[in-house]
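Chemist: What follows is each chain in one-letter form.
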Amino acid sequence: MKNSTSLARWLHPLPVRLWKPYITAVLCTAFFFLSLTAYSQTSPISGRILDDKGQPIPGATVILKGTNSGTVTNEQGAFQLNVPPNAVLVISSIGFTPREVPVNKRDNIQVSLSSGSKGLDEVIVVGYGTQRRANVTGAIVSLKAAEIEKAPMSNPIEALRGQLPGLRVTRADGQPGSDVQFTIRGNRSLTASNQPLVVVDGLPIGGNLSEFNPSDIESIEVLKDAAAAAIYGARGANGVVLVTTKRGKEGQTSVSFEASYGIKDLTSHLNVFNAEEFLQLRQEAARGIDGTPLPSAPENVLDAIELANYKAGKSVDWQDVLLRTGKVQNYNLSVNGGGKQFHIFFSGNAYRETGIAQASSYNRYSMRTNVDYTPKDWVKIGANLQATQTYADETGQALDQDNVPDFQDWVGNSPLGRTHDENGNLVLYASSDLFQFNPLFRYRESKRERWTGRVLINPYIEIQLLKGLRYRISGALENRTERYGGFTSRKYNDGAPNFARQEQGEGRTLLLDNMLAYEKTFADKHHFNVTAVYEAQSFKSNYVFIQSRNFPTDALGYYAAPQGTDNRELGNSSQEWRIESLVGRLAYSFEEKYNITLTARRDGSSRFGAGNKYGVFPSAAAAWNVHQESFFPQTALDMLKLRVSYGLSGNDNIADPNQSSRTLALRQGRMPTIQNYAALPRATLVSYAFGNTFVNGYTIGSLGNPNLKWETSKTLNTGLDFGWLNDRITGSLEYYQTNTSDLLLNRLVLITNGESSMLANIGKTKSWGFEFDIEGKVINKGPFRWTSGVNWSMDRNKIVALTGAADANGKPVDDIANGWFIGKPINVIYDYVFDGIWQLGQEDAAAAMSPASKPGDVRVKDLSGPDGKPDGVINSTYDRTIIGRTTPDWYGGWRNTFSYKGLELTVLLETVQGILKYNGYYGSLQGRDNQVKVNYWTPTNPSNEFPQPDRNNGDYRYKNASSVRDASFVALRNVSLAYNLPAGLFRPIPVKGLSLYIRGNNLKYWTDYKDAYSPEVDAYRFPTVKTWNFGIKASF
Amino acid sequence: MQKYIYLITAALTFTVTGCQKDFLNTTPNTELITDVAFDSPDGLEGAVVGLYNYVRNEYQNGATLAVAYHRSIGDDLTVTGSNFGDDGAAARGVQLYNSELDANNGVVNIMWDQYYRTIKRANLIIDRADKVGFTDEARKNRLIAEARWFRAFVYFYLVQKYEHIPLVSAYTDEIQETATPASPADVYALIVGDLTFAIDHLERTYPQAGRITKGAAQHALAKVQLVLQNWTAAAALADDIINNGPYQLEKAEDLFMDTNENNAEGIMVWQFRNGEPNGAGHNLGQVFVPLYDRINGVSRSFAQGGRPYGRIYANSYLFSLYEENDKRLQSWYKRYWFYDVNTPDDPLPAGVQIGDTVKLGQDPTITATRIAATCRKFWDQGNGTGRNIGDAASWTNIMYYRLGETYLIAAEAYMRLGNTGTALERINVLRDRAGVPHLTTLNQDILLDENARELALEGHRWFDLKRMGVLIQRIKAHNTDAVNIQPYHVRWPIPQTFKDLARYPQNEGYQ
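For the record, the sequence lines run as chains A and B. When you line the first sequence up against this note's numbering, it's residues 5 to 1040, in that order. When you line the second sequence up against this note's numbering, it's residues 19 to 529, in that order.
Simulated from the structure, these hints should not be mistaken for laboratory data. No experiment lies behind these values; they were computed from the predicted model shown. Check each hint, because a few of them may be wrong.
Under the rule of at most 27 Å between Cα atoms (straight-line distance), these lysine-lysine pairs were calculated in the DSS-like manner [to be verified]:
hint	chain 1	residue 1	chain 2	residue 2
1	A	K815	B	K517
2	B	K517	A	K768
3	A	K873	B	K517
4	A	K471	A	K380
Take these sequences, add in the hints, and give me the full structure.
Modeler: Below you can see the structure in the form of structure tokens.
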């Protein structure tokens, strides 16, 4: 706090007239509040809080024990408070051991706090309350605002990527504003969602998390084991992510403003055949077909447009044509502060991003106000309010009206095609091939736009019933609306009429929490913390759409949706879901050495069958702070904590198998939608056209299952936390094992029952893993500091039981169609084993192995046969095998922070290792479309990588087997360089702090996974982008 | 003070935790629960719509396109086209009779599943009809008759294709975990009973086009009687349709025109109409069209076939059976393509004019497969159907039973009875329509030749060859794709999943 003296200096010369109204207002407010609180006899006390080196601790919390009233120290570590003469003050600050200090009628005290073990005194959010790290018994990891802010992302969960052990975040596409996928400790469910529950300030939410401003977030806690997650009962099995937003703090009001500007670009370019190579591919693909001699003349393999361009020496690099530099702007204004009774956090945010693909953008405008008011020292009320609006232009992404995947044209269009005709007009087709659309033309002739609005309101009242006993009632309302418009003009598809569609959806969540919490310490040793909650939540959604074709004008865009004469469609969907819960938790700590937490939650859910609505999810956990024991030797190891927990949690996310066909709106997030009525037998609407008379009716739709219930996960977790060399090195180690049963699976039933499957709780999986997390202060003396932290996670799983169906011999059958094999990991690639290419001279062997195979075709391994040994013939039953997993062997992150005076550099590397993937960019080699450049076989080029091109072969045989690749990578995920300018520089402007920063994201991948925009994004999706952000943050 | 705090807290707690009894019992707002859907006469009327929808579903773009045209292939009159491979193992198994005609074949599985689904839904209607308070007995019997017609229609297919099939003749809510093969005699007894009921309770015409009529039930039963070799019954049914039904032969050139849908020849016609809510078109017209528009100077147009799929063509054996002036050859097939465009992107080859016939050798873009002769029985030429030239889906109806076939049924029945005179009389009606000379003698081979000329690619040939016992030999003789056909290919395998779940015996040859 070196700057505090200069701060005082620049404050001083301010003209008094500027301060006068402010002081008056503060005094009046203070007087008002004082009059409210002066119901009991109190006297003022002031004091200072210092660290063990005598330096002031700003922002330390001073609380009157047994109440909610208290204050926070200012920049000089000083505070003032009105207290009863015999009060006890509880003084705490992050990174220090808290102390309780009796006032003993003093009016001035000075307290020094010692910096305790890192983390152990940190207060973390555990769901329905907070705990000190020392008392935590479960596996919880947490990330604070400072680290979240370093990643220049629009989505707060994406900022967690690579930062926490056990949490794996992936982003499957780079569309601005698109959501991320994340799992905690991998997958355990086959059909239900593996997505963790996300709870924002006590309200479980869904939908795109990009709609939350990362700057509003104080901390994110990840609850990994059953002990921690069991408090969320039927929804906790996938782990829980708790997001806590910033709250106002007493003390000096601070206003901060942040502005940043960033540029986005491809992380890496895709290497496709150029014009000359493409011609060769076409010629090779035509070899020997229809009597075509080789090399075929260009006239024989190019269409008229391509031929003209070829002769003129013209070609198109479609990636260059369609790419641009993306831009991102972000503005944040926040106010944090308040008096003794009233605290406020306010923020406003504007985020605007234009994507690297043309006609793609994402804008977000959000506002948050969190207020807390303590009118009496026994009552506290407050509310959080967030309002967000987003807009996304998805025109550039959605070329897939004809089921052509997004961005296929970037790769597939002929390099000898064209974007404009000889008169300079955009053309619809890149060549004469009526499947090669010119995206530029289509962007002009279409529009896809999406708006979302989200409002969250959580009010609460907290009442102090007795010393240590609090009652809190809180409610939450979340309203999320989504609006979508899609339009294609008459020119969009040659000869097809125009098309318009509008969708509108709304989801509303209501939550009510009643909580009683009791905290008491007996005989200075026995610390009890008891929480009881009754909670009810309901969700209701409404969705409608209209669409039609062939309306008289293109001028109205998608607003013409009701006006067309053809394909008039309208539809709706309404979903309702309710859950009712009782929650209890008892946390007991003995002398801070022994900690026990018992939790139980009873959930009743409307999603389940009549006989199975309620379930109970108990857990027990214990932690032992070994270093507190007298027998613990004085060594360099100064902190050691052992934890063990066991408990049950559930998963009620019955995924909807038909999600993709349901609505366009749902496709965007690519999140599984949840079935709310799977237990009920339902009828489906059917239609028939008797001549010109359309008739609708209902027929049996699904069989229903009245016994349907949640999936249950039983998790054993053991953990160890340690601190070494005066906490210069800290870390933790976890081992867990989860058995998930009653897995929701479609049980196959005989089709003679009218349907071939019904949802039932039948499967079983098992998962287990290790996590490791270590942080060291490598250099912790002098002006140059270096902190380094590594996290490492490994999770494994296997399928223990599937539907129970057995083959003719009574052996349980695998589900080959879904790629599920009993005893094998959940996510595997099951295919033939690529074994190179048949070469000249191997004609007979090739033909014998698989009928119609010849030199130049893909060769796969003959693994087995009907007699259990290789039979010389390739057969889908015997020669496919599990090649590997699509989930990693291990993953982790390495974060380094270097600081020198005001300069701070943070570098985050993320790695994912041992993961297989089909690279969908490997094309058919049919030569019709262009594709990534590969070394294909020809009679004169005996390649062993890719087969001979063949114009008559849509997908060459064993193509999938030949495109399995290792998608392991190391990524330079985030780099943040910030410079905090000395505050004195700006006198007399009242700037408390000013920092400049450069932040980068996804800067580089080191990987063997070539021929893709990144190892993480699937073929033909919006490519992965890298971002460079430049920003300034000032606080006043 | 404390007192008030308790009071406030108690009040709050009470207000907000007041238990709601049915809080967790939510029912869908936009969907119907099964019990509610079928508890009234109107509900069952709607359920019958479901049967039409389920059976027509075969032609729509479902899981694999091969299902839509599977009835037209795997016989002695077809040859694969350039893009046949796009439909994968499902199509190859059916046409080529190779190892891909196995228990996992897509067509084999989809048809089995879809038809047992249909049976369950038909049984539901038959079961509920007596329980939902019909006051109009005729309406009740019509609904039952339609349900029984569909049940018979799909069982007739199943028993011919798979032979050893389970028989489910009553509705139950209980999940059945076992199934055993029924004797074909029992299956046919149910079929005959169902169709007889339908003949007794259905009218000869309904105001709504496409409804199942008495004639459709008679035609179906006549086909069943041919299989059962009840020639007299078959002849009587066919004659009743010919003499008393409201049917007439159309002119060959008008029969399949999209401007002449639901014409007087159609006895059972699958209906497609653009604009049907949640409806979908079919691609049956397109699968026979070669990739003619890849040829320089030839543009894609309705007149030349619309969007080409190039899956399957009529083979040269079929064309060898026609006389050149047969109107059926001229109207129902397109054998020549014409140059119709000359633009920089689609230039005419040197030395030809617009209107000229496309011939091999005129341009490198012309290949034999791109000018293959095509069947136009299912073409939608965009005349009032709302179809666009780029659309694969078309909306023309598919005629499945028509009077032309009834004449062939009658001719065969009389021929088997030894009444060649009447048989020739019946069959020569078709010759007259085709503008070719009368037949003067008749035997099975001559009959089959006429059957090919009249019904090729309409989905009956496989069944006719099978019941005459000549399926394998005919395919061996004329289907150049099916070099591997074996005697056991006379029936399909039982789908693998069903076989495994029910421990059901597999058909011979497919073990």
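Chemist: Each hint needs a verdict: does it hold in this structure or not?
Modeler: Cross-check of the supplied hints:
1. K815/A x K517/B: holds, 14 Å
2. K517/B x K768/A: holds, 25 Å
3. K873/A x K517/B: Within the cut-off at roughly 26 Å; holds.
4. K471/A x K380/A: Roughly 14 Å between the alpha carbons, so the hint for K471/A and K380/A holds.
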